[in-house]
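S.K.: Residue numbers (the numbering used here), protein chains in the order written: chain H, 168 to 749; chain Y, 168 to 749.
Some hints here could point you the wrong way.
Identical copies carry no separate label here, and so any pair may be met within one copy or between two of them.
As the list claims (entries may be wrong) - For lysine to aspartate or glutamate, the following DMTMM-like pairs were computed, each having C-alpha atoms within a straight-line distance of at most 25 Å:
1) K453 / E288
2) K423 / D452
3) K748 / E734
4) K244 / D413
5) K384 / E398
6) K198 / D478
7) K507 / E561
8) K472 / E734
9) K507 / E281
10) K662 / E272
11) K423 / E673
12) K317 / D413
Hints listed in this document are in silico derivations from the structure and should not be mistaken for laboratory results.
All values reported here derive from a predicted model rather than from experimental measurement.
Number of protein chains: 2
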Amino acid sequence: MFRTHTCGELSPKNLNENVSLCGWVQTIRDKGFMIWIDLRDRYGITQLVFDEERSSKELQEQARTLGREFVIRIEGKVIERSSKNPKIPTGEIEILVEKLTILNESQLPPFTIEDETDGGEELRMKFRYLDIRRNPVKNKLIFRHEIAQKVRNYLSNEGFIEIETPVLIKSTPEGARDFVVPSRMNPGQFYALPQSPQTFKQLLMVGGMDKYFQIVKCFRDEDLRADRQPEFTQIDCEMAFAEQEDILNIFEGMTKMLLKDITGKDFQNFPRMTFAEAMKKYGNDKPDTRFGMQFAELNDLVKGKDFKIFDDAELVVGINVENGAEFTRKQIDELTDWVKRPQIGASGMVWIKFQNDGILTSSVNKFYSEEDLKKIGEKFGAKAGDLMFIMSGETQKVRTQLSALRMELGNKLGLRKPNEFAPLWIVDFPLLEWNEETARFHAMHHPFTSPKTEDIPLLETHPENARANAYDLVLNGNEIGGGSIRIFNETLQSKMFDLLGFSKEEAENQFGFLMNAFKFGAPPHGGLAFGLDRLVAILDGNEVIRDYIAFPKNNSGRDVMIDAPSEIGKEQLDELNINLKL
Amino acid sequence: MFRTHTCGELSPKNLNENVSLCGWVQTIRDKGFMIWIDLRDRYGITQLVFDEERSSKELQEQARTLGREFVIRIEGKVIERSSKNPKIPTGEIEILVEKLTILNESQLPPFTIEDETDGGEELRMKFRYLDIRRNPVKNKLIFRHEIAQKVRNYLSNEGFIEIETPVLIKSTPEGARDFVVPSRMNPGQFYALPQSPQTFKQLLMVGGMDKYFQIVKCFRDEDLRADRQPEFTQIDCEMAFAEQEDILNIFEGMTKMLLKDITGKDFQNFPRMTFAEAMKKYGNDKPDTRFGMQFAELNDLVKGKDFKIFDDAELVVGINVENGAEFTRKQIDELTDWVKRPQIGASGMVWIKFQNDGILTSSVNKFYSEEDLKKIGEKFGAKAGDLMFIMSGETQKVRTQLSALRMELGNKLGLRKPNEFAPLWIVDFPLLEWNEETARFHAMHHPFTSPKTEDIPLLETHPENARANAYDLVLNGNEIGGGSIRIFNETLQSKMFDLLGFSKEEAENQFGFLMNAFKFGAPPHGGLAFGLDRLVAILDGNEVIRDYIAFPKNNSGRDVMIDAPSEIGKEQLDELNINLKL
């Protein structure tokens with residue numbers, strides 16, 4: 168046995184006990200007559216002491232050979248500390264070392280192993296194993312484990328069965344690009360890595376396994392944006408003989424349980440909002456409802472006053488910033504520049520100030536009288552001291568632009584508090600979205616999503632207006648999960664494939680096995696998937712998912728620590744019946 | 168809500184309740200005046216009844232349109248059954264149906280959905296979603312889930328953290344073949360799928376995460392033998408600051424917990440046996456100790472009696488079959504033919520019968536007197552009525568042959584009882600094994616396995632004799648897990664790579680990142696991995712792992728249900744910068 172205790176557990180209760188500890192040398196303070204060493208392991212830090220009076224000369228000399236991050240084992244006695252450190256649990260004791268064993272030496276690490284390190288992102292990724300020694304990274308990985316365990320226990324207790332679906336599956340062109348795997352035993356053929364276990368979980372429903380879940384790796388070969396990973400983890404679920412309400416209840420219960428564990432507070436039933444309402448009120452299908460600034464639509468108030476920009480716009484819409492009248496002209500100009508950046512793409516912005524003296528003034532005083540401004544202010548519910556921003560243009564675009572401004576203001580004004588949680592269901596998503604580029608409909612959720620029964624006739628006349636039995640769970644402005652009730656009828660599924668522009672052959676080739684399965688008594692079913700990486704980050708008051716992944720890849724899909732991907736040998740390529748195309 | 172209850176839960180307690188149930192039509196019995204339908208879901212079967220007196224004509228007619236595996240929803244009243252079925256939990260009640268909704272029709276399934284089906288393996292795999300409706304398959308998947316949950320909870324309670332390691336990693340030529348994944352974003356480069364998370368878990372130890380586990384998919388592109396899957400699941404674990412004893416204790420505790428849950432019995436501490444002893448006593452490093460027939464080595468008794476075959480043999484060794492004297496001459500001949508098959512490869516076999524009359528006779532009476540035979544019998548501890556089989560040859564070969572015979576006899580004589588469990592640790596494995604083909608040493612466990620401290624000097628002189636701190640857990644003749652204490656010292660690891668014939672460049676290229684990590688304070692560590700598929704099968708009294716995998720692949724690595732692997736398009740190949748080599 169290497170150790171009797173960890174470095175995080177000794178207290179005055181253990182005084183005078185002989186103990187052995189193992190860990191890494193965090194700091195060494197050598198005052199000549201006395202040497203203190205902070206010994207660190209996963210559980211905490213314990214102070215070791217060597218002194219002229221009580222330690223042998225050899226032992227002191229040995230202690231002086233130590234360096235940062237050396238791995239040592241010590242034996243010694245727990246004694247009371249003269250100057251106590253109330254900041255750490257072991258701060259009342261220290262160990263008078265009697266025996267010191269150096270288990271391994273260490274080169275000087277390339278960055279400090281401290282909560283605040285001097286190492287940049289790239290260096291920390293290259294030496295991720297050293298980064299993981301730091302509390303912030305270590306704690307995030309432990310937090311992730313705890314969330315995953317709680318999810319598994321919750322779902323198991325609800326009668327869900329975790330079933331592993333295969334990783335080596337069949338390539339389907341729908342959605343993002345697949346990663347593929349050449350098959351040596353089947354020359355010229357390839358497996359694909361799953362973008363999700365979607366079809367397998369539906370087959371499990373056909374198989375009668377009416378409550379399925381899996382915490383599972385999924386893969387997408389996308390051009391990586393910041394904080395997108397080619398491999399990511401889903402909490403994937405499906406239920407048979409369940410309606411939307413049953414599914415929302417189960418996963419609302421799960422999320423409440425997690426939120427209660429984290430905050431200690433009981434959460435009320437989550438609010439629900441239709442997609443249409445979310446777009447109207449927040450310009451966004453994943454609104455952060457921790458703060459207000461709901462949109463006010465102003466067409467009826469602002470048009471016909473000779474302000475051409477508003478007159479020409481499909482939609483004039485704004486938000487009210489409480490106490491925003493304090494914004495300086497410079498701050499307002501900066502925000503205006505911000506929305507005019509190409510990433511946002513607005514052509515400009517109108518402001519109205521509700522001064523503390525009760526007078527309303529604006530950047531468009533030329534067109535709007537104070538009476539006009541007052542009516543607009545009333546629409547916003549603005550009060551003295553507030554500031555309104557108004558944008559205009561094509562409905563969908565202006566909503567997106569104003570939503571970006573709203574989020575920016577939320578960040579700037581500190582309204583997005585990391586330890587506050589505002590969960591929200593978004594329901595009644597559109598079934599389809601029109602893709603300009605390909606000039607065809609795409610499934611908004613996926614091709615297996617069921618239209619609302621009352622909207623099925625619309626598929627013949629106005630498919631773009633058909634709503635789906637699809638839902639997202641939004642937390643603090645992030646989509647943490649989403650799902651739908653699936654089509655379980657072969658005929659309706661065929662019609663969907665038609666609408667999505669699949670030929671019979673394509674549909675047969677890609678989803679034939681699912682369509683076949685539906686011929687043998689498919690039950691009604693639906694489900695959802697949570698993104699575990701994101702869920703964990705947001706529950707921990709963070710939005711950077713990379714921190715919650717032990718060994719993440721960078722934006723080029725590289726693991727810089729192990730240097731992957733990498734070249735493989737000619738022999739291996741030959742065996743796989745492929746050539747490089749150079 | 169589709170249902171108020173499942174098909175497995177109604178009992179006389181629910182009499183007269185109005186309920187709704189959903190499920191599949193298992194059987195229909197139509198007696199004219201009465202129709203009975205067995206309705207099945209994941210939880211059981213409930214009998215539905217329609218009759219002339221109490222059901223409307225329309226309802227009866229509707230019931231007559233149903234076929235096997237139709238998916239229906241019914242509403243009705245729980246009533247007492249006149250002829251009760253004590254075999255099923257719901258056997259005392261039935262439902263007088265008031266409303267019937269056909270949720271989906273079904274074609275006639277290609278095999279019967281019964282515990283004993285008429286479907287062959289291939290057909291069942293092609294329609295695996297129907298196979299999963301059958302109790303034996305469904306129950307195995309649920310059993311697997313339960314074992315995995317218990318393992319996770321046990322390890323979490325022991326302070327282990329489940330950490331997900333990446334699936335897209337770097338190809339390393341050691342061991343079996345890697346599956347590789349061409350990287351679109353890094354042309355000419357490939358990821359590999361992990362054969363195990365070995366190096367990552369060691370890096371986590373360097374990272375201070377001193378108790379790691381993961382239930383994780385692993386991949387090996389091997390020529391598939393029966394019951395080998397290209398993707399399989401491991402319970403993967405690693406501990407730092409732990410000695411072999413600590414590791415064995417944790418995982419013995421885990422296995423005891425599982426065995427107790429299954430059998431209701433407390434298991435004593437698992438016996439331990441060295442590799443050398445296992446080879447000597449059972450000819451095998453994973454002996455099934457549910458039955459005896461330990462080997463007896465006979466060189467000192469049989470040599471020098473002019474029986475050339477024994478005189479020339481390196482080892483003469485046998486087993487004693489209790490009460491085997493009843494074997495007919497035909498049975499003995501069959502066994503002799505069996506060991507002479509090319510798969511076993513023995514040249515023959517000698518038998519000695521300890522007749523019930525106390526006389527010993529043998530197939531080599533010409534060379535051995537009854538006195539000689541008596542001494543041999545004593546060595547075996549044989550008694551009247553027993554039968555001894557003796558084989559001879561080169562030590563390793565003859566042990567393997569005799570071990571095969573022992574297992575065959577164990578099977579034939581019903582000594583391998585599925586509901587009995589004989590766990591056993593095998594320890595002190597050799598560090599290296601000589602590979603004739605490549606004329607170099609291979610690591611018996613893997614290249615990171617630590618030699619026993621006292622055997623390190625042997626690395627210079629007789630590396631083949633060095634023992635490793637390596638251990639396997641054996642259950643009922645199957646290796647269910649194995650592991651080792653790892654090398655954590657850079658110098659010793661370099662020496663190992665030398666011994667294994669890696670050049671400095673190869674070692675650097677393949678394991679450089681691990682060697683680098685070891686420079687920054689690697690703690691002593693070790694671990695092990697259990698094969699989940701096999702563990703679950705054996706705990707369930709079975710040896711066919713395929714049954715415990717929801718969607719297994721066949722012996723050509725194909726998923727015949729989804730028809731994978733399959734061809735991919737030219738465009739996709741182009742994007743990946745590869746060509747097919749035809």
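S.K.: Against each hint, give a clear statement of whether it holds in the structure.
M.R.: Verification of the hints:
1. K453 / E288: neither (29 Å within a copy, 48 Å between copies)
2. K423 / D452: Within one copy, since 21 Å is at most 25 Å while 51 Å is not.
3. K748 / E734: Both: 13 Å inside a chain and 18 Å across chains, each within 25 Å.
4. K244 / D413: between (59 Å within a copy, 24 Å between copies)
5. K384 / E398: both (6 Å within a copy, 14 Å between copies)
6. K198 / D478: Neither way: K198 and D478 sit 78 Å apart in one copy and 77 Å across, limit 25 Å.
7. K507 / E561: Intra 15 Å, inter 85 Å, cutoff 25 Å: intra-copy only.
8. K472 / E734: For K472 and E734, neither the intra-copy (67 Å) nor the inter-copy (63 Å) Cα distance is at most 25 Å.
9. K507 / E281: The answer is neither: 41 Å in one copy and 67 Å across copies each exceed 25 Å.
10. K662 / E272: So K662 and E272 pass the 25 Å test across copies only (18 Å; inside, 67 Å).
11. K423 / E673: For K423 and E673, neither the intra-copy (42 Å) nor the inter-copy (52 Å) Cα distance is at most 25 Å.
12. K317 / D413: The answer is within: 20 Å in one copy meets 25 Å, while 27 Å across copies does not.
Violated hints, in rising order: 1, 6, 8, 9, 11; the structure is consistent with all others.
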